Every structure is written in structure tokens, then in C-alpha cells.
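As a plain string of letters, each chain reads:
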Amino acid sequence: MPSHQRELAAAGVMMLPIRNRGRLRAVAGQTEAKQVPGVDGLVITIPPGELLVPLPEGDRYLGFMFARADSPAAVEAALRHAHAKLRVLTDG
Amino acid sequence: MLMARVLLLIPSRTYRTHDFMTAASRLDVEVVVGSEHRPALAGLMDGRHLRLDFVDVSGSTERIVAFAKTHPLDAVVAVDDAGTSLAAAAARALGMPHNPVDAVEAARDKARMRERFAAAGLLTPRFRTAAIDADPQTIAATVAYPCVVKPIDLSGSQGVVKVDDVERFPAVFTRVAAIVAACRPTGVRRSVLIEDFIPGEEVAVEALLRGGELEVLAIFDKPDPLNGPSSRRRSTSRPRVSRISGRRRSARPRLERRAPLASPTARSMPSSGSTQTPSPLRGGSGRGLRKAFGCWRSPRAPSAGSARGHSDSGPASHWRN
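Top to bottom, those sequences are chains A and B. Everything in the first sequence is counted per the working numbering, starting at 1 for the first residue and increasing by one. Everything in the second sequence is counted per the working numbering, starting at 1001 for the first residue and increasing by one.
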């Protein structure tokens, strides 16, 4: 197996937290989040209809968001900005 | 040329299947799915699916060995924590490269991992275990604060709670004990780990271990450390942002400070007993290497760093605790 070269740019990932218990209906704002400069990936790993359980009882994140930028600080800012655009819609 | 065939052990609740399947497709590898449940399309997956009980390592190993007689396997890979013991046992039975099963089991047990780190001379926080039905009031008086209460073998921060003072300890202990009981209704590890909280900057090291050689893939900065008095909201629902320090000029000082982290991480490997990982392993750490792979104290040379385990979410590995 070849060696792996680390990227030169700064990159980051946000583990999207589950804040409230409820059955997931949808995660709105994904398009807007992906349009934030630097954000290059967003995946919601819990399908609609499944129960969301916050930590510490919960065992999953809502999903993951990725970003790349010129500096670690810019990456972090992009992730936080994009995260603020997401709205988790639940039933119950 | 014959296509390589890999058995992927896929827990029903994992979210990592897609990435592994994509990688297999890219590498032109045939995948056999080993899972706890019969997939809806199992009838169309002859020779491509194997139903397995990940907890029954002995019985499932026998099933894999029997399967391999008609469908030779080149590797057994767990995509999540739940399958790592079975992957190691099956690989051993099939004569494939594997980590010692004992090392894999120790890597999933936070108490055993800390004992091994301590025995190897690596810095580790003070810790103890307690049965989930122990009297929390009694334990509370014996603990230093702040501390962290966590399950022995869960991951993804499940059940991990920081406790700032003796008054709050009984309620937290009871809550974490309930989480452990719910996850292990007939469990064998019905206890929790209680360890000192060490404040500081937090990082995580992602790496591959191959033949005992550690190859660092990424070193993450983790903003929002849980230093100081913790509110419930901060400790249970904070976004977890990890960022990789790049090599551009603006990030270089931080990256250079991180360079010594690889050494204690590598030193932790022999103490765990692991020799390789099928996918990136991960460990977090506090200021220097304190939270996960070890307790790094700046005045010391890199080789004097130390390690201790910490469970975190991440790819399956045979070394992660």
C-alpha cells in the first residue's frame, strides 16, 4: 500500500450534534449550508423517520459536514457559519 | 486475475457502509457483507451476504471459516467497533494478517487500555471502575473533581459526562449506569470508568498502523474544550468541530507544535498489543496528548510522551479506546 501524503490546505469536519429528542422529519437548510464558501461536503447519516436521541444517551451524530480553506481558523468559521443554517425538523 | 474478496462486518446502525463500498468498488474488490440482520435483498446476494452475531465471536468465526471454504476470503474488515473482535478472530482462524485478539478486546475496554498504558510507563489519568449497581454516594467521596464518568466500551461520546463536584456525582453516575444497563441488558461489562478530567487543548490523531509502523494521516485541533465548570448543554450537545492544520505558513507554528504528538501515539501501540489497523485509528487528546493517546507534557522530549485511551467516534480500528 502506498504512503499517504497529507494535504497542504487546512480541512475540517463538524460532527453535527443532536440537540433535541424527536423523530426526524427533515434537515432543512442543507442547500444554504453547502453554499457557504469553504464547505465541500455535508451528509446527514440518520434517515428521516428515525428517532433522534441527544448525548449522552444517544449513540449517533446527526451527520457530518466538511470544509477546506486557507487556514484552520477559516475552516472552523465556515463550518460554524454553515451549521447555523441547518434546521432540524422533528415530530414529537 | 481473480478479484480479491473481502468480508465487511457491518453493524446495522453504522453510517460507514457507503464509504467502504465506494472504496471497494474503486479498488475492484468483491465485497461480502457480514451483518446481524438478513438484508431485504438477501435472496439476490448468494455468496455475497453472511448473517453473523457479532457478540458470539466463537460461533460467528466458525460460520466465516465454513463460508470461506467455498468462497475464499482475502480479508475480514470491521467497519465499526462492534465487529473488531470478530474480525480479528476470523482473520486469525483463516491465517490472515491480524492483530492479537486480546489486543483488539483490550482496545475496546477503556479500563484495560488504561491499565496497559500505565503498565508500559505511559502517563495516564488516575482512574477507577465501579459496578453500575454500586452506591454512588460512597463513590462520590472517593473521587477527585472534576472527573469524567463514562461507559467502559461504548463509543461516539455515548454516556460520557463530566462531573464538576461531589454534589452532582450521584446523579451523573446513576444516569451513566442506566445507559450502560440499557446497552448491556445481559452484559458482561456492567461497570463504568471514572477518571480525572485533565483540562487543556484537545487534539485527535488519525493514523494507520501497518506492521507496527504508524503512519499519521491527520492531526485534528478540537475547538471548544470542556475546560472550566461545565453546563449540561455544553457537555452533551456541543458541535464537535475538528480541523486539520494545513502546511501553509499561517498554520505552520501550530502544526510544528503538533509534530511531537506522533511519537507518543506510536509508543502507545506496543502497549496496546496492536500491530495494524485495517482502517484509520483515532484517538483524541488533551493539552499535549492528554485526553486520548497520552499525556504530553511540553518540557519532555517527544520520546518521553505517553498515551492513554479515549473512546471517540470514528472509523473502525483494532486500536482505539
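Note that these hints are calculated values from the structure, not bench results. No experiment lies behind these values; they were computed from the predicted model shown. Careful: at least some of the hints might be erroneous.
[Stated by the list, open to error] Think about it this way: if two alpha-carbon atoms lie no more than 27 Å apart in a straight line, the pair counts; the simulated BS3-like pairs of lysine-lysine are:
1) A/K85 - B/K1222
2) A/K85 - A/K34
3) A/K34 - B/K1069
The hints, checked one at a time:
no. : hint            : in the structure
1   : A/K85 - B/K1222 : holds, 21 Å
2   : A/K85 - A/K34   : holds, 9 Å
3   : A/K34 - B/K1069 : violated, 48 Å
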